[in-house]
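Here are the chains, one letter per residue:
There are 2 protein chains.
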Amino acid sequence: MEFAKRVSSLQGSAIREMFKLLGDPEMISFAGGAPSPELFPSVELAEISEEIIKNNPAVALQYGVTEGYAPLAEQIRERMRKFGNLKPDNDVLVTSGGQQALDLCFKSLLNEGDVVVVEQPSFIGGLNSLRSYGAKLIGVPVKDTGLDTDMLEDILKRTKIKLLYTITTFQNPSGITMDMATRKRILELAEKYDFYVLEDNPYFELRFKGETMPSIKSMDDTGRVIYAGSFSKVLSAGMRLGWAVARNDIREKMVICKQVSDVHTTVLTQMIAAEFFNRYSLDEHIEKARNFYGKKCSLMLSAMDKYFPDYANFTRPEGGIFLWCALPEYFDTKKLLAKSIKEKVAFVPGFTCAIDMDAPCPDFRLNYSLPADDKIETGIRILADVIKNYDPEKD
Amino acid sequence: MEFAKRVSSLQGSAIREMFKLLGDPEMISFAGGAPSPELFPSVELAEISEEIIKNNPAVALQYGVTEGYAPLAEQIRERMRKFGNLKPDNDVLVTSGGQQALDLCFKSLLNEGDVVVVEQPSFIGGLNSLRSYGAKLIGVPVKDTGLDTDMLEDILKRTKIKLLYTITTFQNPSGITMDMATRKRILELAEKYDFYVLEDNPYFELRFKGETMPSIKSMDDTGRVIYAGSFSKVLSAGMRLGWAVARNDIREKMVICKQVSDVHTTVLTQMIAAEFFNRYSLDEHIEKARNFYGKKCSLMLSAMDKYFPDYANFTRPEGGIFLWCALPEYFDTKKLLAKSIKEKVAFVPGFTCAIDMDAPCPDFRLNYSLPADDKIETGIRILADVIKNYDPEKD
Numbered sequence: 000m001e002f003a004k005r006v007s008s009l010q011g012s013a014i015r016e017m018f019k020l021l022g023d024p025e026m027i028s029f030a031g032g033a034p035s036p037e038l039f040p041s042v043e044l045a046e047i048s049e050e051i052i053k054n055n056p057a058v059a060l061q062y063g064v065t066e067g068y069a070p071l072a073e074q075i076r077e078r079m080r081k082f083g084n085l086k087p088d089n090d091v092l093v094t095s096g097g098q099q100a101l102d103l104c105f106k107s108l109l110n111e112g113d114v115v116v117v118e119q120p121s122f123i124g125g126l127n128s129l130r131s132y133g134a135k136l137i138g139v140p141v142k143d144t145g146l147d148t149d150m151l152e153d154i155l156k157r158t159k160i161k162l163l164y165t166i167t168t169f170q171n172p173s174g175i176t177m178d179m180a181t182r183k184r185i186l187e188l189a190e191k192y193d194f195y196v197l198e199d200n201p202y203f204e205l206r207f208k209g210e211t212m213p214s215i216k217s218m219d220d221t222g223r224v225i226y227a228g229s230f231s232k233v234l235s236a237g238m239r240l241g242w243a244v245a246r247n248d249i250r251e252k253m254v255i256c257k258q259v260s261d262v263h264t265t266v267l268t269q270m271i272a273a274e275f276f277n278r279y280s281l282d283e284h285i286e287k288a289r290n291f292y293g294k295k296c297s298l299m300l301s302a303m304d305k306y307f308p309d310y311a312n313f314t315r316p317e318g319g320i321f322l323w324c325a326l327p328e329y330f331d332t333k334k335l336l337a338k339s340i341k342e343k344v345a346f347v348p349g350f351t352c353a354i355d356m357d358a359p360c361p362d363f364r365l366n367y368s369l370p371a372d373d374k375i376e377t378g379i380r381i382l383a384d385v386i387k388n389y390d391p392e393k394d
Numbered sequence: 000m001e002f003a004k005r006v007s008s009l010q011g012s013a014i015r016e017m018f019k020l021l022g023d024p025e026m027i028s029f030a031g032g033a034p035s036p037e038l039f040p041s042v043e044l045a046e047i048s049e050e051i052i053k054n055n056p057a058v059a060l061q062y063g064v065t066e067g068y069a070p071l072a073e074q075i076r077e078r079m080r081k082f083g084n085l086k087p088d089n090d091v092l093v094t095s096g097g098q099q100a101l102d103l104c105f106k107s108l109l110n111e112g113d114v115v116v117v118e119q120p121s122f123i124g125g126l127n128s129l130r131s132y133g134a135k136l137i138g139v140p141v142k143d144t145g146l147d148t149d150m151l152e153d154i155l156k157r158t159k160i161k162l163l164y165t166i167t168t169f170q171n172p173s174g175i176t177m178d179m180a181t182r183k184r185i186l187e188l189a190e191k192y193d194f195y196v197l198e199d200n201p202y203f204e205l206r207f208k209g210e211t212m213p214s215i216k217s218m219d220d221t222g223r224v225i226y227a228g229s230f231s232k233v234l235s236a237g238m239r240l241g242w243a244v245a246r247n248d249i250r251e252k253m254v255i256c257k258q259v260s261d262v263h264t265t266v267l268t269q270m271i272a273a274e275f276f277n278r279y280s281l282d283e284h285i286e287k288a289r290n291f292y293g294k295k296c297s298l299m300l301s302a303m304d305k306y307f308p309d310y311a312n313f314t315r316p317e318g319g320i321f322l323w324c325a326l327p328e329y330f331d332t333k334k335l336l337a338k339s340i341k342e343k344v345a346f347v348p349g350f351t352c353a354i355d356m357d358a359p360c361p362d363f364r365l366n367y368s369l370p371a372d373d374k375i376e377t378g379i380r381i382l383a384d385v386i387k388n389y390d391p392e393k394d
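Same order as they appear, the protein sequences are chains A and B. If you count the first sequence from 1, position 273 lands on 272 in numbering that gives the first Met the number 0, and the numbers rise without skipping. If you count the second sequence from 1, position 4 lands on 3 in numbering that gives the first Met the number 0, and the numbers rise without skipping.
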């Protein structure tokens, strides 16, 4: 059996096999990447859902348009305008989750062999979608101010790149927020070296510290930036609602690609979201989420300050749901995870966020949105012991 | 701006521009491809939806697994077993509508330049997905017994093909059902000439005449057949629920491709469907749809017998929602549509169902599931006049 070349480069199973262990009810998992179900506005959504199906079944249960349910698309436009992300000659496309926004952008722009710069570390879903289109990936390290633009320019001087893929705010997996100077520099470089930027921004509204930072898209006057948003982290992940904002010519290609992928996003969940935003304040809902995640992040950081060895360097996110911990080079966090899982604590080893997934990686990602408050301290304490007892010779 | 090569071959807009005219409330549209909203079990689905979100929000609104919501996947397995479609070492993958089942199959199997045989005419969504992967398409005409296997073998003798894409029952757009001899012959040819078959079967339960025909998949002992099913025509199109049945190695690749496309299908609609099938009989629901569409099909055929000129040759489907009408070669149904739309009647011109969309086509597709009963006779009468008044010199 000969499969398509594009699938041979995808190691989907490495992660999924690991995640199967998370079914163990005793496991304290910092490996998740989901919003807290405590924040789902389920009573409101249940009522809205019933009303919509009962009163408007001919729309809710019927085929819809590829571009998205019009009232929801308009609400997203309004929200994007508020943040300066909806430029003239740009428009919104509703997608089946943020992942599809990335996938459709790559599908529309990339030919096999096109060079794409990605952050190192980066989001596995973005990396795998890029791999599936045969993109040639070059990694640029993420510093505490965001991706290293000096190193980026070194690459640009010798290599023609088509696209830069960046998660600008509360990056997955690092939790780092790119500073303003870096954002501006990326846009300058995009103009100078003629490449496009996919700004993936699913977490940015979950800020619990510091000041809101303008997106790169909001400073983009030439349509070089494609913006990807998501309701997964601020409303519901299972409803699969995301969007892209792109220059009309790019968006039109993304619409065509979406038509062959899934025709359109589930109408019912689009209508439920639109009506929820009509009746309730998304901003108030997000405010709750900010406080909730901010508290959990503090709990985790306090426990890490208390229990983790000094050689563990970790980020202190101002929002989002992840932080990143770098250990000395002699650690292989794939092996560390095997030990940690025996002690009933799980995390995401850094190799899954790398371009080269076969190289040993001393870093790992922790999630604080899902574990219960009391499990955060317990889990961090256990994990600290696993780290301290790690022996590169024996493990 | 340089887009991906794969999108340059897609003329998505030709159809969509046309469909925008269908918003005119006076238009009698035979151009649709959707189930009748009169058949949506909206009261039941509304109640179920509310219960699920209220009682189980942590599942319904949270990320789910790529393979599909387990209880729904199991119900699909059962249904597939009933029709002999679930072979050993095969499994079900829940998809975001039937379109995604096609797309994931093509994405997993096809490299650019791989040769795929398709029916002529065929479903534009399938053709466009194939185009997006750079497949080289060869068309084989559909006879009244289904695709012409003699012509297929002629092709196979001189060309190595990777896949055959076929809609075996109540084909879109022709309404034709492949006979048993043709089904068996295709399987023999697949063994002899070593190719795979994608059997797209979204309409087969909507039979209102004749006897149920075994699928090609049900006769497949080597896993050469990938089966695509859909709830769009028998439950709800807007819920975006379909599935594939494939040999485990192929299904595993499709799962990986789905993960990068949209992570997973909307959990809420999967749960609603699963609970609907728990509480109510899908078979009874489908029985209603059969009677409903059978009556509409008869109405349309009677009107066509009464009004259409003798030189119009049309199919007499035993199920599904489409029929196909062939006019003499001097007709160009793209031009015919422009005239017909002025008289407020719409249909799908045959060029959209062809490999070469630029060639004039004398055929067209009619849908009978959506127009109201009284509009069927009126619309057919008007369309008959448009056909009779068509002048290839002037039009």
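Misleading hints may appear alongside valid ones.
Just so you know, same-sequence chains aren't split out, so a pair can sit in one copy or run between any two.
Keeping only pairs whose Cα atoms sit at most 30 Å apart, straight-line, the calculated DSS-like set for lysine-lysine is [claimed, not checked]: (1) 161 x 294; (2) 305 x 156; (3) 374 x 53; (4) 135 x 4; (5) 135 x 343; (6) 81 x 387; (7) 135 x 161.
Read the hints as simulated data drawn from the structure, not as lab findings. Every value quoted in this text rests on a predicted model; they were computed, and no experiment measured them.
Okay, the hints, checked on the actual structure:
Neither within a single protomer nor between protomers do residue 161 and residue 294 lie at most 30 Å apart by alpha-carbon distance, with minima of 40 Å and 55 Å respectively. Taking identical chains as interchangeable, the C-alpha atoms of residue 305 and residue 156 are never at most 30 Å apart, the minima being 45 Å within one chain and 73 Å between chains. For the homomeric pair residue 374 and residue 53, the shortest alpha-carbon distance between copies (26 Å) is at most 30 Å, but the shortest distance inside one copy (42 Å) is not. Proximity of residue 135 and residue 4 under a CA criterion of 30 Å is satisfied in both settings, with 14 Å inside one chain copy and 16 Å between copies.
Within a single copy, residue 135 and residue 343 get their C-alpha atoms no closer than 37 Å, and across copies no closer than 51 Å, so neither meets the 30 Å cut-off. Within a single copy, residue 81 and residue 387 get their C-alpha atoms no closer than 47 Å, and across copies no closer than 56 Å, so neither meets the 30 Å cut-off. Taking the shortest Cα distances, residue 135 and residue 161 sit within 30 Å of each other both inside one copy (10 Å) and across copies (27 Å).
Of the hints listed earlier, those the structure fails to meet are numbers 1, 2, 5, 6, in rising order.
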